[in-house]
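For the record, the sequence lines run as chains A and B.
In terms of the numbering used here, the first sequence has 243 at position 243, counting the first letter as 1, and numbering is strictly consecutive.
In terms of the numbering used here, the second sequence has 360 at position 360, counting the first letter as 1, and numbering is strictly consecutive.
Simulated from the structure, these hints should not be mistaken for lab results.
Errors might be hidden in some of the hints.
Only pairs whose alpha carbons sit at most 30 Å apart, straight line, appear in this in silico DSS-like list of lysine-lysine [unchecked claim]:
1. K155/A x K269/B
2. K227/A x K306/B
3. K227/A x K49/B
4. K119/B x K306/B
5. K155/A x K49/B
6. K91/A x K277/A
7. K301/A x K68/A
8. K277/A x K265/A
9. K52/A x K183/A
10. K49/B x K277/A
11. K37/A x K306/B
12. K28/A x K52/A
13. K145/A x K183/A
14. K277/A x K258/A
15. K37/A x K277/A
16. K265/A x K47/A
What you are looking at is a predicted structure, and each value in this text was computed from that prediction instead of being measured.
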Amino acid sequence: MIKKISIFTLTLMVLISSISGAFANEGKLNMYVAYGKPELIASEFEKATGIKVEFLPMSSGEVLTRLKAERSNPRTDIWLGGGSDAFIQAKADGLIVPYLSPNAERVGQAFRDPEGYWTAVSLVVVGLLVNTDRAHSRGLAVPSKWENLADGAFKDEIIASNPRTSGTAYTTVSGILQLFGEKEGWSYLDRLYGNIPFLEKSGSTPGTKTVQGEFTVGLVPDPHSIKMNNPDAPVVTVFPEDGVLAWPSPVAIVAGTKNMEGAKKFVDWALSPEGQKVLMEASPRVPATDIEPSSGVPSLKDLNLVPYDHLKWGEARDSVLEEFGSRYPHLN
Amino acid sequence: MLLPTAFLVFLLLFVLYPSIMVFMRSFSHKGSLGLGNMVAFFGSPHMVKILWQSGAVAAFVAVASTLMGLCLALVSFKTSMAFKGLFRTAAVVPLIIPGFVASLSYIFLFGRNGLITYKLLGLNLSIYGWHSVVLVQIMNLTTTAFLIMSAAILSIDDQAEDAARTLGASEWEVFSTVTLPLLRPAVLASMVLVFMKSMADFSTPLFLGGRFTNLAAASYSQLIGSYNLEMAATMNVLLLSVCLVAFWVFNRAKGAGEGFRRSIGGRRKDIQFPPAMAATMWSLSMAFSALVYMLLLSVFLAAFTKHLGANFGLTLAHFQEGFQRGFRGMVNTFIFASATAAVTAIAGMAGAWLITRSCTARRLLDLLSTAPVAVPGTFFGVAYILAFNRPPLLLAGTWTLVLILSVVRELPLGIRSGVSVLEQQDRSVEDAASTLGDSAVGTFFRVTLPSVRPAMVVTALHSFVASIQAVGALIFIVSPGTKLLSIDVFEAVYKGQIGPAAAMSVVMIALSLAGIAGITAISSKSKGGGPSWGESLFRRAA
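Work the whole structure out from these sequences, hints included.
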């Protein structure tokens, strides 16, 4: 019996792995993508280079989890989009490999890894989405500065996500500390989070709920793109005039890729003017290179960007989150 | 000998092996074997709170959904109340609305800015919390309870009730001393199934929980947000333990009550409930149905209007966007759901036949094939990531694995419904065929197969609908080559693209209905008027 079972197991294994092997396509490029309209990116890249791209959309945390789990057999060649913090961690864990694209020079130094492990294709800007209908019915003025949000009048009218699980939220918390200094920063955060009834587990759901009129203000990534997605919703975008927080959204080549040539072509293309235009169309983000943003998208020079130290706050993540947890235990 | 061995190997590889991987990961803490993760979990008051509040919510939902399901089933099949057809449909509608879309519609109707709560009634409710999770879960899971209760009620022969009437029992006594005791096993089965589904549901707490979170949602966040595989595995081990305890309690309780014989397909006679009780039952059914239809309506409204709640101008733009993004997922979903349905139906019956008719390892087969019922979806998701990303079974990212996972998830139903038919059928019928000179194969095809056909149809139907909606376990193992519609919808809801999400949900609902119609048509054509799909669903084994 045991012998029979083991023979069977073996046959089944061989059979299954040969079937799955037969489906693996040679010239094809696989991509894990935390970026808008991946189907558009894939088809435009195929038009430009003739290389077919298979993609799967997911959050950058999920990409990282998957890359760790699949370390021995990565199912992807390219990782596009997500927060630079995840890329910094992936570099430390040896999950991505360096590639200095000739086009990387077009990207500001603050927005790429000095050794070329990752290069920003665009910037994610943290801003406010304000539901004007709700603000009006609550007698609230549209806020323009961070300080406005700490006002008691906004009690239970602000929604944000959890810094443990969302890059937007962590950038907000650490960016405030960078902007106001640690002491001043925490005392501001005390007042801000006093106005937030609970935290969403994902960075994008505060946007959904502000669009639905559940809250007056949502602390969200790229508020302008939510506005563009919902043109008929009564919402406006605000970029705080006393300091805007942003983080780079990079592209990287996965360690153990089975298609290095194709992967390099993808990185070159993503940073080229043509590729940047496609990425802009796919997701209306502030571009990382000098191309002209499409209408509705703020330009880098119009934003009062906080000089955010990605490496420092990436390393300080655990201690900042610990302090956050002990100050606001009710917000889990 | 070949078939049972093959079956056993399949189950060992795809049920036992991945589960062991989760346990191993949960007991490896920072590279060394030990209880570090468990200590970390139970050392955190926050985590312990998540554990008990998941259990409390699931227990509450289990009781409430079962009562609601019982109420709907009684009204549908044991009374002639007004609108009972409407109630019966409402009871199964949640089967085809994705759970996370229901949450979105719920916010639209009852949120802080809700159409009903705020715009109509001017209320300012804080809806985000455990109470909303409970309400939406009750709505989603009442369907499970209703199907089990209906099957049980339909299988009660009214002769037992008539006997009580003849002996002078009042209608209330007939119900409370005859009907209700006969439904006891079904009530228990429904409670344990709903309990486990509630424990495994992560999307409702994600959207509606506010400060409340359950184990499944927390493990999802651990995996997606904090990249912590070890803690996710630990949470899923605890999730599984809670479910196994629930299952054990169920088996203990069930064993005590099984001393009667049910007959299949008896005639049904109405019970005249006392007026106050009848009124309560009708009102509850009405409230439930109203809620379900309103949610369904708001999905359609969101799909066809410019901006739900602010601009009711008609548009097809969301469908355009939905088809552009999700077309491949739609095609994949249809093929994948059909394949799952076919494989599950056939494998389920083969398994049932092995378990009832032959084979040395039948107890092990039975245990392994039914065990996935007690395993929450996220557990399997994590298990498959851990097990099939490394040699010798490099299956991650392939259709093979996606298909295997959904077959494993649906197999318990297929096997249970097959077993329940085959156990009731006297073996002498098969013996008679072989005595009359038929071969073993011939006996199987000419005697056994026709009798399990209805069970196969039910299995196929359920697997088809369930795999169209499935997100829980699959979200962890789909990859660039294996896009599915349900995952697309989940992403769109998440990102606040309400219109396209609703449009794709409408397509999902249409696919479910088309599949149900298709399977019913195929099965009734070859038999000449089989049971309607609704009836076969109701008759699915408790």
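Let me make sure I understand: some of the numbered hints might not hold for this structure. Which ones are they, in numerical order? Of the numbered hints, 1, 3, 7, 9, 10 do not hold.
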